[in-house]
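Visitor: Given next are the chains, with one letter for each unit.
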Amino acid sequence: MKIIDNVSKFQNKHPDWFFLIKYTCLFTLLLLSIASMALNRIIATESNPFFYANF
Amino acid sequence: MQTFKFFFKRLFLVVVAFGIALLTTEMVIARCVAYPPYGVEYKALYMPHESKWINIREPYSRIFNVEGKSITSVNNLGFPGLDIESLENPIVILGSSYVEAFQYQPDEIGSSLFWSELIEAGYHQPVLNLGCSGHDPYNSWFRIMLHQKRLDFSAEDVILVLNSDNADWLNRHSKPFIFDKPKGFGRKDNSLKIRIGIKARNASSLVEVLYKGLLKGDDVDEPSPSKNGYKELSQEDSLEYSLSQDMIDCLIAYSHEYCGFSVLSIAGNPDFNSALKEFCEHQDISLYIKPLTYPKYMIGGAGHLNKEGNKALAKALLTLWKSTHKAM
Numbered sequence: 760m761k762i763i764d765n766v767s768k769f770q771n772k773h774p775d776w777f778f779l780i781k782y783t784c785l786f787t788l789l790l791l792s793i794a795s796m797a798l799n800r801i802i803a804t805e806s807n808p809f810f811y812a813n814f
Numbered sequence: 070m071q072t073f074k075f076f077f078k079r080l081f082l083v084v085v086a087f088g089i090a091l092l093t094t095e096m097v098i099a100r101c102v103a104y105p106p107y108g109v110e111y112k113a114l115y116m117p118h119e120s121k122w123i124n125i126r127e128p129y130s131r132i133f134n135v136e137g138k139s140i141t142s143v144n145n146l147g148f149p150g151l152d153i154e155s156l157e158n159p160i161v162i163l164g165s166s167y168v169e170a171f172q173y174q175p176d177e178i179g180s181s182l183f184w185s186e187l188i189e190a191g192y193h194q195p196v197l198n199l200g201c202s203g204h205d206p207y208n209s210w211f212r213i214m215l216h217q218k219r220l221d222f223s224a225e226d227v228i229l230v231l232n233s234d235n236a237d238w239l240n241r242h243s244k245p246f247i248f249d250k251p252k253g254f255g256r257k258d259n260s261l262k263i264r265i266g267i268k269a270r271n272a273s274s275l276v277e278v279l280y281k282g283l284l285k286g287d288d289v290d291e292p293s294p295s296k297n298g299y300k301e302l303s304q305e306d307s308l309e310y311s312l313s314q315d316m317i318d319c320l321i322a323y324s325h326e327y328c329g330f331s332v333l334s335i336a337g338n339p340d341f342n343s344a345l346k347e348f349c350e351h352q353d354i355s356l357y358i359k360p361l362t363y364p365k366y367m368i369g370g371a372g373h374l375n376k377e378g379n380k381a382l383a384k385a386l387l388t389l390w391k392s393t394h395k396a397m
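The listed protein sequences correspond, in order, to chains A and B.
Residues in the first sequence are numbered consecutively from 760, following the working numbering.
Residues in the second sequence are numbered consecutively from 70, following the working numbering.
Calculated directly from the structure, the hints in this document are not laboratory data.
Yeah, the Cβ is synthetic: ideal placement off N, Cα and C, and Gly gets one too.
Among the hints, erroneous ones may be present.
[Claimed, not checked] Computed list of lysine-lysine pairs in BS3-like fashion (alpha-carbon distance at most 27 Å, straight line):
| hint | chain 1 | residue 1 | chain 2 | residue 2 |
| --- | --- | --- | --- | --- |
| 1 | B | K244 | B | K268 |
| 2 | B | K359 | B | K262 |
| 3 | B | K268 | B | K121 |
| 4 | B | K250 | A | K768 |
| 5 | B | K365 | A | K772 |
| 6 | B | K262 | B | K244 |
| 7 | A | K781 | B | K78 |
| 8 | A | K768 | B | K74 |
| 9 | B | K74 | A | K781 |
| 10 | A | K781 | A | K768 |
| 11 | B | K281 | B | K252 |
| 12 | B | K138 | B | K391 |
| 13 | B | K359 | B | K384 |
| 14 | B | K257 | B | K244 |
| 15 | B | K257 | B | K218 |
| 16 | B | K281 | B | K244 |
| 17 | B | K78 | A | K772 |
| 18 | B | K244 | B | K138 |
[Said to hold, decoys possible] One-sided and incomplete, this derived list gives chain B residues near chain A with beta-carbon spacing under 7 Å:
| hint | residue |
| --- | --- |
| 19 | V84 |
| 20 | F87 |
| 21 | M96 |
| 22 | A99 |
| 23 | A103 |
| 24 | V276 |
| 25 | V278 |
[As the list claims (entries may be wrong)] Simulated coverage check for chain A against chain B, where a stretch passes if three residues somewhere in it have a Cβ under 8 Å from a Cβ of chain B:
| hint | segment |
| --- | --- |
| 26 | 765-775 |
| 27 | 792-804 |
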């Protein structure tokens, strides 16, 4: 409860900072999830022992 | 007016937030995951008649290898293996990803172990590993020509390592084979799209991951070898097995071009090996056969050469080298 109160207080006191932090976190999560998806695809493809790169 | 100002302020904050998120994600991919950027200097046209380009790697660029669970790197010239100070009369090793061996660190791969043993024996010819993923003898012909032109060296001692009969791989090319330097050979790809792409992928690990994982897709130039890198032959096939004309053309071209040309077969196909032996004896080409495409020598029993396989490859290269240079 105390944390939520503090967050609400911060939001009321610095609405622009709160907005920036919120969107930074959201975009970071979005980019990290896309990157993990890409990385997973790379690993799945290249872990095939008969994978040969497109030279 | 107030609403307008508020909207632009928020838009600015969204753009800043996206920028910070990009930087944070880049840091995570580059530092925590340690995924390296592209590491390619440029693309060069090396098989103009088939419009095939080859990547010229930046010195010491790193490579993320899933099979070997490692991050390895290339040497000072952008090739697999140990650093090369001078390219005076090098021993060039050609082959596929079995020779390239990006699964291990540069000092642990077959060509480097072979070089170390040569140095120990008091022999100081540099060893240049020109193995490349998906390369058959025909690709390798243009690969060595390109690097000879680019790095201005001439080679006499060339060892071609064959990990299979290469039949599927050689079938990918247009016929008949042309062994001359075609028009446009070695030309850099200067198109804006490629240049921007290379710059972006070199600058950011995140861009490289997204490109390789999401955009590139499955467009790999993959031949279809059976489990041990060669096709199982029926008894009938086995009786009439002979080297393909494509392979014969390649071997003859190499033996005419390089006076110290020799062949090392690590293929586990006895029919191919005996046909190759017969041909090489007839053509007076040095050959050594050491089958290594067996589970014992392969990562996970079916992949590229494991550490033991690389040691065995080095030993086989040394044996072949000693047999062709009896003065040693």
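Visitor: Take the hints in turn and mark each one as holding or not.
Guide: Here is what the structure says about each hint:
Between K244 (chain B) and K268 (chain B), the direct Cα distance comes to roughly 36 Å. Violation of the 27 Å bound is thereby established for this hinted pair. Restraint check for K359 (chain B) and K262 (chain B): not satisfied, since their Cα atoms lie roughly 45 Å apart, outside the 27 Å limit. At roughly 20 Å between alpha-carbon atoms, K268 (chain B) and K121 (chain B) fall within 27 Å of each other, so this suggested pair holds. Using a Cα cut-off of 27 Å, the hinted pair K250 (chain B) and K768 (chain A) is violated, with the two alpha carbons roughly 73 Å apart.
The hinted pair formed by K365 (chain B) and K772 (chain A) fails the criterion: a straight-line CA distance of about 67 Å is larger than 27 Å. For the suggested pair K262 (chain B) and K244 (chain B), the alpha carbons sit about 31 Å apart, so the restraint of at most 27 Å is broken. Under the criterion of a C-alpha separation no larger than 27 Å, the hint pairing K781 (chain A) with K78 (chain B) is consistent with the structure, at around 15 Å. Between the alpha carbons of K768 (chain A) and K74 (chain B) the distance comes to roughly 24 Å, so the proposed pair stays at or under 27 Å and holds.
Restraint check for K74 (chain B) and K781 (chain A): satisfied, since their Cα atoms lie roughly 20 Å apart, inside the 27 Å limit. Between K781 (chain A) and K768 (chain A) the alpha-carbon distance is near 15 Å, which keeps this suggested pair within the 27 Å criterion. Restraint check for K281 (chain B) and K252 (chain B): not satisfied, since their Cα atoms lie roughly 31 Å apart, outside the 27 Å limit. Between the alpha carbons of K138 (chain B) and K391 (chain B) the distance comes to roughly 34 Å, so the proposed pair goes past 27 Å and is violated.
Our distance criterion of 27 Å between C-alpha atoms is met by K359 (chain B) and K384 (chain B), whose separation comes to about 10 Å. Only pairs whose Cα atoms come within 27 Å are accepted, and K257 (chain B) paired with K244 (chain B) is accepted, the gap being roughly 25 Å. For the proposed pair K257 (chain B) and K218 (chain B), the alpha carbon gap of about 13 Å is at most 27 Å, so the pair holds. Under the criterion of a C-alpha separation no larger than 27 Å, the hint pairing K281 (chain B) with K244 (chain B) is inconsistent with the structure, at around 31 Å.
Between K78 (chain B) and K772 (chain A), the direct Cα distance comes to roughly 17 Å. Compliance with the 27 Å bound is thereby established for this hinted pair. For a cut-off of 27 Å, the pair hint linking K244 (chain B) to K138 (chain B) is broken: about 39 Å separates their Cα positions. A distance limit of 7 Å between C-beta atoms decides the matter here; for V84 (chain B) the minimum to chain A is near 10 Å, and the interface restraint is violated. Contact between F87 (chain B) and chain A, as hinted, is supported at the beta carbon level, the nearest pair being about 5 Å apart and thus within 7 Å.
Taken as an interface hint, M96 (chain B) does not check out: its beta carbon lies about 10 Å from the nearest beta carbon of chain A, beyond 7 Å. Using the Cβ-Cβ criterion of 7 Å, the hint placing A99 (chain B) at the interface with chain A is not satisfied: the shortest such distance is roughly 11 Å. Annotation: interface hint on A103 (chain B) violated; nearest CB of chain A at approximately 11 Å, more than 7 Å. At a threshold of 7 Å, the smallest CB-CB gap from V276 (chain B) to chain A is about 10 Å, leaving the interface hint violated.
Because the smallest distance between the Cβ of V278 (chain B) and any Cβ of chain A comes to about 5 Å, under 7 Å, the interface hint for this residue holds. Residues of the segment 765-775 of chain A lying with their CB closer than 8 Å to a CB of chain B number 1, which falls below the three-residue condition for coverage. Counting residues of the segment 792-804 of chain A whose CB lies closer than 8 Å to any CB of chain B gives 10, so the stated coverage by that chain holds, three being the minimum.
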